[in-house]
Amino acid sequence: MHSKRSLIRRTIAVTAAGAAALVLASCGGNGDSPAGHGGHTSKSPSASASADQGKHNAADVAFAQGMIPHHRQAVEMADLTPDRAQSPEVKKLAEDIKKAQDPEIKTLSGWLTSWSEEVPAEGAMDHSMHGDMEGMMSAEEMDKLKDSSGTAFDTAFMEMMIKHHEGAVAMAKTEQADGAYAPAKKMAGDIITSQTAEISQMNKLLGKD
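Numbering (the working numbering), first residue to last: 27 to 235.
Think of the hints as simulated: they come from the structure by calculation, not from any bench.
Check the hints yourself; a few may be wrong.
What the hints assert, rightly or not - Taking lysine to any residue pairs in the SDA-like style, the calculated list, with each CA pair at most 25 Å apart, reads:
{"id": "1", "residue 1": "Lys199", "residue 2": "Ser175"}
{"id": "2", "residue 1": "Lys118", "residue 2": "Ser175"}
{"id": "3", "residue 1": "Lys125", "residue 2": "Val101"}
{"id": "4", "residue 1": "Lys132", "residue 2": "Ser142"}
{"id": "5", "residue 1": "Lys124", "residue 2": "Asp105"}
{"id": "6", "residue 1": "Lys118", "residue 2": "Ala178"}
What the hints assert, rightly or not - Per label pair, the in silico range of CB-to-CB distance:
{"id": "7", "residue 1": "Leu232", "residue 2": "Pro209", "range": "29 to 37 Å"}
{"id": "8", "residue 1": "Lys199", "residue 2": "Gly136", "range": "20 to 28 Å"}
{"id": "9", "residue 1": "Glu144", "residue 2": "Asn229", "range": "30 to 38 Å"}
{"id": "10", "residue 1": "Pro114", "residue 2": "Ser135", "range": "29 to 37 Å"}
Beta carbons are placed, not taken as given, at the ideal position from N, Cα and C, and that holds for glycine.
Turn these sequences into a full structure, and let the hints steer you where they fit.
Structure representation (structure tokens):
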């Protein structure tokens with residue numbers, strides 16, 4: 027009888043110890059094992075990667091929201107060229123500007139949309155809302171350009187586009203200094219390179235360089 031009780035006690039003790047071990051193992055698994063903790067952290071690497079790829083700051087948003095209307099006006103100026111310009115060099119320059127900046131407008135708009143930020147509205151309001159932006163032409167200046175033709179247009183176009191490009195280069199340099207989003211900083215670098223070269227080209231055509 028006594029041996030039976032001892033056996034029962036030992037059985038209970040072993041069972042309890044086994045249960046305790048299972049509980050401890052279960053707790054350890056939830057906290058540290060790939061099955062438990064990994065269920066939470068399995069998303070972390072991809073989430074972190076996405077966050078790094080999509081990391082942006084206020085400077086990136088300002089760059090995109092400012093460069094969109096800036097580029098739109100440059101394209102608007104370039105669109106005036108086929109019917110008004112006399113110089114083949116000016117016509118070619120306008121084509122190059124449009125080819126470069128149209129796709130950039132789409133890219134910048136896509137970034138803002140992905141960041142849940144407002145994409146600047148299109149239309150004449152660009153001139154009034156962003157008239158104080160670096161290098162932007164006023165509505166009066168745009169009207170003057172539209173009313174000119176021949177060599178007068180060529181000269182006005184290049185003088186205005188130099189000012190316009192200088193504003194874009196300044197904005198791009200600010201993005202490179204303050205931005206966090208790598209693709210935006212790369213675009214800023216491309217803008218600095220291409221538009222600085224076009225400024226030099228226009229100065230030469232104007233006989234200023």
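Legend entry - Structure versus earlier hints, numbers of those that do not hold, lowest first: Violated: hint 1 alone.
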